[in-house]
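Novice: Sequence:
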Amino acid sequence: MAGRGGIMRGIWDRYVPPECESSPKVLRLNAKHKWEEARPPLHHDIDYLKTCGDRAWAVVRKFTSKEELKHWGHRPGPLRHWRNTNKRVEAWGRTLQSALVAGSCIAAGDAKLYKTRLEKFFIDIRSDLKLPELPVIQVALASAEGPYIDKVRKAQLEINLPNVKCIDAKGMKIGHDGLHLSTEGEVRVGQMMADAFAQFVA
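Numbering follows the UniProt record's numbering, with no gaps: position 1 of the sequence shown is 1.
Warning: the hint list may mix true and false statements.
Below, simulated DSS-like cross-link-like pairs (lysine-lysine); rule was C-alpha separation at most 25 Å, straight line [to be verified]:
1. K130 / K115
2. K34 / K130
3. K115 / K165
4. K173 / K151
5. K120 / K151
6. K112 / K170
7. K165 / K130
8. K170 / K154
9. K165 / K112
10. K165 / K120
11. K154 / K115
12. K173 / K154
13. K112 / K151
14. K115 / K170
15. K112 / K154
16. K151 / K165
17. K130 / K120
18. K154 / K165
19. K151 / K170
20. K154 / K120
21. K151 / K115
None of these hints come from the bench; they were simulated from the model.
All chains, please: the whole structure from these sequences, using the hints.
Specialist: Printed below as a string of structure tokens:
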């Protein structure tokens, strides 16, 4: 989730809700792989080809201990492109990356195989990191284009792996582009992710 909250016509409105304000307890790994205090827009030096705004990071602000926030850059495209290659292993060794959304436009073949690919993706991540019980929180598609969105959402919601939770973003307020979550939606999803994470550490 790069964070497109508060963006209209490619310009961020610079509104930062209380839930997204910076804190010395929340760090991010920047494009130079240096730790620094996380400040919105969180992805400004990573997803630099597009305007970045607010994102769902209440998931780390909820907790009082110092949290390290590993952010993600450009998504690598359809899930079928994520295979057990040296490039993928190298990418995971530098920063954690996400491929939950297989692009805005989903093809029939991708939708049919999505659940299998997603489960394998999570298993491969854990294997690469040698963390077989690594907690995973995914966000089910809130909006996208194409006739197969419901099939992909169903696959996401039916993933049945240990320590994997799914947050359903459907119904959240969408931004001006009709695709990405609004600032309000980002905040709500962030709170839901924080609640899900709390269940892992309870």
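Novice: Does each hint hold? Answer for all of them.
Specialist: Verification of the hints:
no., hint, result
1, K130 / K115, "holds (22 Å)"
2, K34 / K130, "holds (23 Å)"
3, K115 / K165, "holds (14 Å)"
4, K173 / K151, "holds (22 Å)"
5, K120 / K151, "holds (18 Å)"
6, K112 / K170, "holds (21 Å)"
7, K165 / K130, "holds (20 Å)"
8, K170 / K154, "holds (12 Å)"
9, K165 / K112, "holds (21 Å)"
10, K165 / K120, "holds (15 Å)"
11, K154 / K115, "holds (9 Å)"
12, K173 / K154, "holds (20 Å)"
13, K112 / K151, "holds (7 Å)"
14, K115 / K170, "holds (18 Å)"
15, K112 / K154, "holds (11 Å)"
16, K151 / K165, "holds (18 Å)"
17, K130 / K120, "holds (15 Å)"
18, K154 / K165, "holds (14 Å)"
19, K151 / K170, "holds (14 Å)"
20, K154 / K120, "holds (17 Å)"
21, K151 / K115, "holds (9 Å)"
Of the numbered hints given earlier, the model fails none.
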